[in-house]
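A.B. asks: Generate the whole structure from the sequences, applying the supplied hints.
Those protein sequences? They're chains A and B, same order as listed.
The numbers in the working numbering rise by one with no breaks, and the one at position 217 of the first sequence is 1380.
The numbers in the working numbering rise by one with no breaks, and the one at position 99 of the second sequence is 1262.
Hints were generated in silico from the structure; no laboratory data involved.
Note that this is a predicted model, so its numbers are computed, not measured.
Ideal Cβ placement from N, Cα and C applies to all residues, glycine included.
One or more of the hints may lead you astray.
As the list claims (entries may be wrong) - If you want the footprint, here are the derived chain A segments under chain B, 3+ residues with CB under 8 Å:
| # | stretch |
| --- | --- |
| 1 | 1281-1295 |
| 2 | 1313-1324 |
| 3 | 1362-1372 |
2 protein chains.
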Amino acid sequence: MPRVVKHPEARKSELLDCAQALFFEHGYERTTINDIIKRAGISKGGFYHHFSSKEEILETLGVRLAQKAVERIKDVLEDPELDPLGRLNAFLTRSRRMKVEDASMLRATFDVLFRPENSVLYHRLNAALTRVMVPVLARIIAQGQAEGVFNTPDPTAMAEIVLQLGTSTQNAVARAIEAAGTPQAAAAADALEERLRLQGIAADRILGLPDGTLVFVEPGFVQAVMTAR
Amino acid sequence: MPRVVKHPEARKSELLDCAQALFFEHGYERTTINDIIKRAGISKGGFYHHFSSKEEILETLGVRLAQKAVERIKDVLEDPELDPLGRLNAFLTRSRRMKVEDASMLRATFDVLFRPENSVLYHRLNAALTRVMVPVLARIIAQGQAEGVFNTPDPTAMAEIVLQLGTSTQNAVARAIEAAGTPQAAAAADALEERLRLQGIAADRILGLPDGTLVFVEPGFVQAVMTAR
Chain A
1164 MPRVVKHPEA RKSELLDCAQ ALFFEHGYER TTINDIIKRA GISKGGFYHH
1214 FSSKEEILET LGVRLAQKAV ERIKDVLEDP ELDPLGRLNA FLTRSRRMKV
1264 EDASMLRATF DVLFRPENSV LYHRLNAALT RVMVPVLARI IAQGQAEGVF
1314 NTPDPTAMAE IVLQLGTSTQ NAVARAIEAA GTPQAAAAAD ALEERLRLQG
1364 IAADRILGLP DGTLVFVEPG FVQAVMTAR
Chain B
1164 MPRVVKHPEA RKSELLDCAQ ALFFEHGYER TTINDIIKRA GISKGGFYHH
1214 FSSKEEILET LGVRLAQKAV ERIKDVLEDP ELDPLGRLNA FLTRSRRMKV
1264 EDASMLRATF DVLFRPENSV LYHRLNAALT RVMVPVLARI IAQGQAEGVF
1314 NTPDPTAMAE IVLQLGTSTQ NAVARAIEAA GTPQAAAAAD ALEERLRLQG
1364 IAADRILGLP DGTLVFVEPG FVQAVMTAR
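C.D. replies: Structure follows, in structure tokens:
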């Protein structure tokens, strides 16, 4: 077959697609640069034109996934009708809705990410997601601070800390996925919802809001993610 | 040399010592079970009598390190003179003092743990440390809750969340270590101290205490850790 000459950006994006598929199929550790080159049908020189290492692919992949997520909630971030608190809660509501919409893909992804051998993958993706989300959240907090709604000493640092709170629910998420379809499913879903509620209270307090102001979960949310096809 | 017959617990502890040394010398990923066996001078059967995998060694190592740390602050945890808030602050003060005492070892450890290829090592050790510390912290919080000093919805979950806050300073710690001995050292140390102060305020708020009640840092602490021999 004749080699099709592609635009460099299209080629880069295709490389990322191939790498992402391989990381999820075989795990990050077991995938080699040669595997990626082979699947993408590109030369070694072509690969190294875009990326210097497997690590760099992983970083770029994380940032790309996070940017796509921000893109999908852009309307909420830019809606002039919303005040800072309304914007933050709308942002949380939309994030939950995206999780229900993407549920089957998310379950498969988490199933892979939470395996001990993929711990690097999980933490790299999480770090990339945090890097993209911190300025988005910090902007909302700073605006709320200026309007006297939030009360927090440092919007950017506190945005980082609030986003980091998610890591503390990782175990509860892993248990809910593991229990799905077993008699323990309902109890594991309840435990995760309670954990998300407490995460919300921690976020409220860090931002100087009364307990229960930010809505991190509503009843049935975990069930909806676990059973959606 | 004749084979010395050792007590199984002494043998297990020796295996852990060898594994720990190898993980820090060559990295967790690059160390094989065979390397550990060879260094410890034990048979393959002897190894598998104690551990089923390299993963399990890592877990046990993390728990052992955490238990040693708790052992060193036992007097503070059991001092009947201290009220819950005094106990928590004494616990934080002693933790800082241990960090200054162990500074050169800690710097070498973090230098290894924060390398991207040792990310699994870092997160496993952190998880093991959290598992050991959560009940210790939860007991202090529950006591403070009973006495009306703390105000938090769930002592165990909030203990987990408060301990998890430490992960959000990981980048600032890495930068301070990297900058040590360079013209950027003072600025990086200040940035880390400010981050620790904010982490303290987040912990105060989660536990229902006024800002600045829990002391996570005092001026000069980072400098003391960075320059101690």
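A.B. asks: Now, for every hint given, state plainly whether the structure supports it.
C.D. replies: Hint-by-hint comparison with the structure:
1. Beta-carbon proximity to chain B at under 8 Å applies to 4 residues in the stretch 1281-1295 of chain A; the threshold of 3 is reached and the given coverage holds.
2. Only when three residues or more bring their CB closer than 8 Å to a CB of chain B does the claim for the stretch 1313-1324 of chain A stand; here the count is 6, and the claim holds.
3. Only residues whose beta carbon comes within less than 8 Å of a beta carbon in chain B count, and the stretch 1362-1372 of chain A has 6; three or more means the coverage holds.
Violation of the numbered hints given earlier is absent; every hint is satisfied by the structure.
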